[in-house]
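Colleague: So the sequence lines, in the order shown, correspond to chains A and B.
Quick note: the first sequence uses the numbering used here, first residue 1, plus one each step.
Quick note: the second sequence uses the numbering used here, first residue 1, plus one each step.
Derived from the structure by calculation, the hints contain no laboratory data.
Heads up, a few of these hints could be off.
[What the hints assert, rightly or not] Restraint ranges, calculated between C-beta atoms of paired labels, are given here:
no.: 1; chain 1: B; residue 1: Leu24; chain 2: A; residue 2: Arg176; range: 29 to 35 Å
no.: 2; chain 1: B; residue 1: Thr28; chain 2: A; residue 2: Gly266; range: 24 to 30 Å
no.: 3; chain 1: A; residue 1: Ala133; chain 2: B; residue 2: Thr28; range: 32 to 38 Å
no.: 4; chain 1: B; residue 1: Leu24; chain 2: A; residue 2: His26; range: 25 to 31 Å
no.: 5; chain 1: A; residue 1: Gly237; chain 2: B; residue 2: Val23; range: 42 to 48 Å
no.: 6; chain 1: B; residue 1: Asp14; chain 2: A; residue 2: Asp97; range: 55 to 61 Å
no.: 7; chain 1: A; residue 1: Pro294; chain 2: B; residue 2: Val23; range: 22 to 28 Å
no.: 8; chain 1: B; residue 1: Ala20; chain 2: A; residue 2: Val156; range: 32 to 38 Å
no.: 9; chain 1: A; residue 1: Ser27; chain 2: B; residue 2: Gln120; range: 36 to 42 Å
[As the list claims (entries may be wrong)] If you want the ones that stay clear, here's a sample from chain B, every Cβ over 10 Å from chain A, calculated:
no.: 10; residue: Asp89
no.: 11; residue: Arg93
no.: 12; residue: Glu113
no.: 13; residue: Leu115
no.: 14; residue: Arg116
no.: 15; residue: Met118
no.: 16; residue: Arg119
no.: 17; residue: Ile126
C-beta atoms are modelled at their ideal positions from N, C-alpha and C, and glycine is treated no differently.
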Amino acid sequence: MPKRLVIVGAGTGGLMVANFVARDLHSEIERGEIGITLLGEQETYIYQPGYLYVVFDLMRPAQLMRPVRELLAPGIRFVHDRATRIDTGKRQVLRSDGDALDYDVLVLATGSGLNLDEVPGLREGGHWFYTLAGALRLRDALRRWHGGKLVLTVGVPHKCPVAPLEFTMMFEQWTRQRKVRDKTEIVYTYPLGRAHSIQAVADWVAPEFEARNIAIETFYNLESVDHEKRVAHSLEGTDLPYDLLVSVPAHQGDELGAASHLSGAGNWYPTDRHNLRVQGHDDIFTLGDATDLPISKAGSVAHFEAEVLADNLVGVLTEGAQPTSQYNGRAFCFIETGLERATFLSFDYEHPPTVPEPTNAVHWFKQTYNRIHWANLKAVM
Amino acid sequence: MATQEPSIPDVFRDEADSLASAVLASVTPRMVNRLGGVAESTIAALDLLTSPEIVNLLSTLQRASAVLTPLLGQIAEIGPGAGMEGLADRIVRAVKAGAVEVGVPPRPVRMRELLRIMRQDPAVAITLHFFLGFVRSMWSPIAGEHVPNTEGDRHG
Numbered sequence: 001m002p003k004r005l006v007i008v009g010a011g012t013g014g015l016m017v018a019n020f021v022a023r024d025l026h027s028e029i030e031r032g033e034i035g036i037t038l039l040g041e042q043e044t045y046i047y048q049p050g051y052l053y054v055v056f057d058l059m060r061p062a063q064l065m066r067p068v069r070e071l072l073a074p075g076i077r078f079v080h081d082r083a084t085r086i087d088t089g090k091r092q093v094l095r096s097d098g099d100a101l102d103y104d105v106l107v108l109a110t111g112s113g114l115n116l117d118e119v120p121g122l123r124e125g126g127h128w129f130y131t132l133a134g135a136l137r138l139r140d141a142l143r144r145w146h147g148g149k150l151v152l153t154v155g156v157p158h159k160c161p162v163a164p165l166e167f168t169m170m171f172e173q174w175t176r177q178r179k180v181r182d183k184t185e186i187v188y189t190y191p192l193g194r195a196h197s198i199q200a201v202a203d204w205v206a207p208e209f210e211a212r213n214i215a216i217e218t219f220y221n222l223e224s225v226d227h228e229k230r231v232a233h234s235l236e237g238t239d240l241p242y243d244l245l246v247s248v249p250a251h252q253g254d255e256l257g258a259a260s261h262l263s264g265a266g267n268w269y270p271t272d273r274h275n276l277r278v279q280g281h282d283d284i285f286t287l288g289d290a291t292d293l294p295i296s297k298a299g300s301v302a303h304f305e306a307e308v309l310a311d312n313l314v315g316v317l318t319e320g321a322q323p324t325s326q327y328n329g330r331a332f333c334f335i336e337t338g339l340e341r342a343t344f345l346s347f348d349y350e351h352p353p354t355v356p357e358p359t360n361a362v363h364w365f366k367q368t369y370n371r372i373h374w375a376n377l378k379a380v381m
Numbered sequence: 001m002a003t004q005e006p007s008i009p010d011v012f013r014d015e016a017d018s019l020a021s022a023v024l025a026s027v028t029p030r031m032v033n034r035l036g037g038v039a040e041s042t043i044a045a046l047d048l049l050t051s052p053e054i055v056n057l058l059s060t061l062q063r064a065s066a067v068l069t070p071l072l073g074q075i076a077e078i079g080p081g082a083g084m085e086g087l088a089d090r091i092v093r094a095v096k097a098g099a100v101e102v103g104v105p106p107r108p109v110r111m112r113e114l115l116r117i118m119r120q121d122p123a124v125a126i127t128l129h130f131f132l133g134f135v136r137s138m139w140s141p142i143a144g145e146h147v148p149n150t151e152g153d154r155h156g
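Put together the whole structure using the sequences plus the hints.
Modeller: Dropping the structure here:
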């Protein structure tokens, strides 16, 4: 009987863990000692950071998508279905078609999704760029843009913590390129008392926005949207009329966690910050957006966690060893500061980030990564 | 006092420094290891193609070319010297190029020669690509299971 590793979720974290382990253990897989099954709800993987570029007509949707099967290392069995519940007693993942997958070790890479219903009127009155459909709708709105007032709101928690800043700065330069900057008013709002939750970013972005004539409205928690009058209301009592409302909705964890009594508030899995075990379960691990760790929900975090987790899974599967590799909270985020320059953040649990001066080179590094991300997913690099 | 503009070399240096910093911050030692592994496996695949055993196998196929599949027949029509027999000849010539009969030249020279021929002759390149795919499939016996699902796109 082979040792069975089941991974739920075929996003960045799930694919990377599956591929890293499969490449390390290809001999064991070939000999039938280890079995890896990836359970994915979607047959197509989408590179989500690309949505931001779709909005400005800088990338086409087709450039962001690949069939999951083409991204898998040899030896991984892909099952296209939805997990409905984990039976931790029987060590089974129950599927929507009624079948079950038995596991010895389970990885929950179920990601996060938008909570659009938390704010009444948002679906009708707002735009967002965190789904492909949303990005395309916003792209179409921008194609019709000839000036007016753009209001950007931010809900927490959300993935890619600097994306609202990137959108704002890209939009500002885009209006200059389109010769409509003088007809455009930009208001960036944030729910805390500064422009970003990371202090160094808040300190950097305030003068940047001032120099670009972008207004900052702090302590602004979007409460409701009157889509007929085009007014965004905040919990704090501030009403902002808008011509285009772009919102970063709050995110929540997958409902699988709640259905399995494994997750806590927000449907996030309570996670050991170093070995990525779901607390209270020696045979269940998690990574990426799905955790409740106090770090950014970002693709780079899923990647760095996947490397640590894969190392540990190899030991667990082949020797029954305890996890020894430790995740240190490492994160890396590019920040597009317009359409031509970018900077980046690098930080971990112990070391907060600084913000280097934006350059063209980092912008092109980001553009390059957008196109070679697949090699990273496939564990080619 | 007037502010001095940064010189061109200074600008380049700053750009290069920022790129180096970003690369160092984003790359992990495991990524570098994996890239090394890929380079090694590519070379290994080409080494395999140029080994005497493969040349012998291809020579056998060359003799049996009359019974090979219609697919290979179609491939054979691509490129110079159309025809099944011609294709087998060209493949053997490509694989032999520098590998077995011309002594033992340095590996990069052999690889360059083989790649040059593959670039010039699409039929040879396609056939060898299929052949490598077949070799890979030999150590990847587990096929993906497809279970249809009509659920909506929960993650967008």
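Colleague: All the hints need checking, so say for each whether the structure fits it.
Modeller: Cross-check of the supplied hints:
The given range of 29 to 35 Å is respected by Leu24 of chain B and Arg176 of chain A, whose C-beta atoms sit roughly 33 Å from each other. For Thr28 of chain B paired with Gly266 of chain A, a C-beta distance near 29 Å keeps the hint of 24 to 30 Å intact. For the hinted restraint 32 to 38 Å between Ala133 of chain A and Thr28 of chain B, the CB-CB distance of approximately 33 Å keeps it satisfied. The beta-carbon spacing between Leu24 of chain B and His26 of chain A, approximately 30 Å, falls within the hinted interval of 25 to 31 Å.
Between Gly237 of chain A and Val23 of chain B the beta carbon distance is about 47 Å. The supplied range of 42 to 48 Å therefore holds. Hint check: Asp14 of chain B to Asp97 of chain A, Cβ distance near 57 Å, so the stated range 55 to 61 Å holds. Separated by about 27 Å at the C-beta atoms, Pro294 of chain A and Val23 of chain B satisfy the suggested range of 22 to 28 Å. Between Ala20 of chain B and Val156 of chain A, the C-beta spacing of about 34 Å keeps the proposed range 32 to 38 Å intact.
The given range of 36 to 42 Å is respected by Ser27 of chain A and Gln120 of chain B, whose C-beta atoms sit roughly 38 Å from each other. Against the 10 Å criterion, Asp89 of chain B stays outside the reach of chain A, whose nearest CB is about 32 Å from its own CB. The claim that Arg93 of chain B is not at the interface with chain A holds, since no C-beta of that chain comes within 10 Å of its own (minimum 31 Å). In this structure Glu113 of chain B is separated from chain A by more than 10 Å, as the shortest Cβ-Cβ distance comes to about 26 Å.
The beta carbon of Leu115 of chain B is kept farther than 10 Å from every beta carbon of chain A, the shortest such distance being approximately 19 Å. At roughly 25 Å, the least C-beta separation between Arg116 of chain B and chain A is larger than 10 Å, which holds for a residue marked as non-interface. At roughly 21 Å from the closest C-beta of chain A, the C-beta of Met118 of chain B stays outside 10 Å, upholding its exclusion from the interface. With a least beta-carbon separation of about 22 Å from chain A, Arg119 of chain B lies farther than 10 Å from that chain, consistent with its non-interface assignment.
No Cβ of chain A comes within 10 Å of the Cβ of Ile126 of chain B; the nearest lies about 19 Å off, and the non-interface call holds.
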